[in-house]
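Construct the complete structure from the given sequences, taking the supplied hints into account.
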Amino acid sequence: MTANRIRRYLIAIPFVVACASTGPSPELVSARDAYTRAAASRAATDAPGSLVSARHSLDAAERAHASDPGSTRARHLAYLAERHALIAIAHGNAGQAERTTAIARDTVQRRAQEAARAAERAKAEAERTQRSLAETERNLAETQRQLAAKGNQLDEQARQLREREVELQAQLNALRAERDQALQAMRAIAKVHEEDRGLVITIPSEVMFRYDEATLLPRAKEKLDTVAEALQNLGPDQQFVIEGHTDARGGDAYNRDLSRRRAEAVRVYLIAKGVDPDRIVASGKGEANPVASNQNPEGRANNRRVEIVVSPPVVSRR
Amino acid sequence: MGRASWKGVIASAILATACASTSRAPTALLVESRASVRVAEEIGAHHDARAMAYLELARRQIDEGERYMSNGDYSKAQRSFERAHANAELAAALADEANARAEAVTAQREVQALDRTRPATPATPKTPGT
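Going down the list, the sequences are from chains A and B. The working numbering applies: residue 1192 is where the first sequence begins, and numbers increase by one. The working numbering applies: residue 54 is where the second sequence begins, and numbers increase by one.
I should point out that these hints are in silico values taken from the structure, not numbers from a laboratory. The reader is advised that the hints may include incorrect statements.
Ranges of calculated distance between the beta carbons of each label pair, as one might list FRET restraints [claimed, not checked]:
1) Q1304(A) to A106(B): 42 to 48 Å
2) A1257(A) to H100(B): 36 to 42 Å
3) E1311(A) to A155(B): 30 to 36 Å
4) A102(B) to Q1321(A): 57 to 63 Å
5) A106(B) to A1231(A): 55 to 61 Å
6) A1231(A) to T80(B): 35 to 41 Å
7) A1257(A) to V84(B): 43 to 49 Å
Calculated from the model, a selection of chain B residues having no Cβ within reach of chain A, i.e. all distances over 12 Å [stated by the list, open to error]:
8) R77
9) Q131
10) L147
11) E156
12) D168
So, partial list: chain B residues that the calculated Cβ filter (under 7 Å) puts toward chain A [stated by the list, open to error]:
13) M105
14) A106
15) E109
16) E119
17) R132
18) A139
19) E142
20) A146
21) D149
22) A160
23) Q161
24) L167
Beta carbons are placed, not taken as given, at the ideal position from N, Cα and C, and that holds for glycine.
Dropping the structure here:
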């Protein structure tokens, strides 16, 4: 090694030392800081490729600084490294925002699908309700039709009943007229009055029988003809009881027998004149049921009698 | 490869090539820088203040590089174009970020609007903030 070469090395040493001890340029400081921020930012997760590029760029700047501190090239590479770090940060933020957008849009889409499904369900429910309503309306219409038919049927029945009522009323009126006519006829020949036990037709015994006999006189038969006709006109439902009564003279048993025989004579005659035998009975009451005093002739005359009791009602029911 | 990392690789490749030959006019770098500026403009860098600042810086650096190149100072021209390229990329990234944030806000407002109109709100998944 020559002296000149040694001298040149010695001269160069202070410069090498100076360069080695030179601190990082402002550009490199900024680049390092920017990279530190980038590494801590969302670039690590959302833009890893950009972060790697920024790392490589910073490494290149660091190497340039190590080999030639403060040089134009080193400062230039540091400048570029800082920009690359800032780009990585921006890419990370954009990636994060895009993820946010994707999640929000997914939510919107999911909500839209939920809304569509809810609308479908609501539509199906509405259709079911509509079908149910239509079915109910059909049933209602059918029920109304049946009710209308039933109503018509009832109206027809009511009309028939009214006709029947009118018919029955006419029959009733006719029967009443017949009854009234019969009663009128009987009143002409006998005393007729109403009691609880029924219509009582009283014929004095003197009119029908000789004293102490039970054979009908001819004039009695004339009256009984009228009575027989009237009884038959009273209607088919009445029952007739022929009661014979005497005054208090004579023995009780005798009187009862006499009154029974007289009642029976009337019954036989009425049957002979057309009165239904199943509806007519004869009974001898004797002196048991006086209608007047037996102490005088007039009273005893009233007590000697034949009563024809028409069981109520007098007016027939059909 | 992640977001725009290929651009960094290409830029590094161009840089390496350019470094290896500063004796020639860095025309390719000029073209690349201009292309980066156009990309930033198309993304909408002029709508974001920060992006716009870096875009303007990139334009000035391209002009500066062209002056160096016309004076035959290719090394300075190369550095100017490289810086312009980096700043244009940063402007594009910031514009991209602003767009993504705006889009996220819009999407989140849509969700909030749905939340307001929903009568019964079952638990919804939480969306991370931007």
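When the least beta-carbon distance from A139(B) to chain A is tested against 7 Å, hint result: It holds, given that the least Cβ distance between A139(B) and chain A is near 4 Å, below 7 Å.
Are D149(B) and chain A close enough, Cβ to Cβ, to be under 7 Å, as the hint says? 5 Å, holds
Satisfaction of the E142(B) interface hint, Cβ to chain A closer than 7 Å: 6 Å, holds
Distance restraint evaluation - E1311(A), A155(B), Cβ atoms, bounds 30 to 36 Å: 34 Å, holds
Would the hint on M105(B) be counted as holding, given a Cβ-Cβ threshold of 7 Å to chain A? 14 Å, violated
Are all beta-carbon distances from D168(B) to chain A longer than 12 Å? 9 Å, violated
A range of 35 to 41 Å was offered for this pair. Does it hold for the Cβ distance of A1231(A) and T80(B)? Taking Cβ atoms as reference, A1231(A) and T80(B) lie about 39 Å apart, which means the hint holds.
Cβ separation of A102(B) and Q1321(A), checked against the hinted range 57 to 63 Å: Cβ of A102(B) to Cβ of Q1321(A): about 60 Å, so the range 57 to 63 Å holds.
Under 7 Å is the threshold here; is the Cβ of A146(B) close enough to any Cβ of chain A for the hint to stand? For A146(B), the interface hint holds, since the closest Cβ of chain A sits about 4 Å away, which is under 7 Å.
Claimed clearance of chain A by R77(B), with the beta carbon kept past 12 Å: Holds: least Cβ distance 18 Å, greater than 12 Å.
Holds or violated: is the Cβ of L147(B) farther than 12 Å from all Cβ atoms of chain A? Label violated. Min Cβ-Cβ 5 Å, cutoff 12 Å.
Quick one, is the R132(B) hint okay against chain A at 7 Å, beta carbons? Hint on R132(B): holds, closest Cβ of chain A at ~5 Å, below 7 Å.
In this structure, the hints that do not hold are numbers 5, 7, 9, 10, 11, 12, 13, 14, 15, 16, in rising order.
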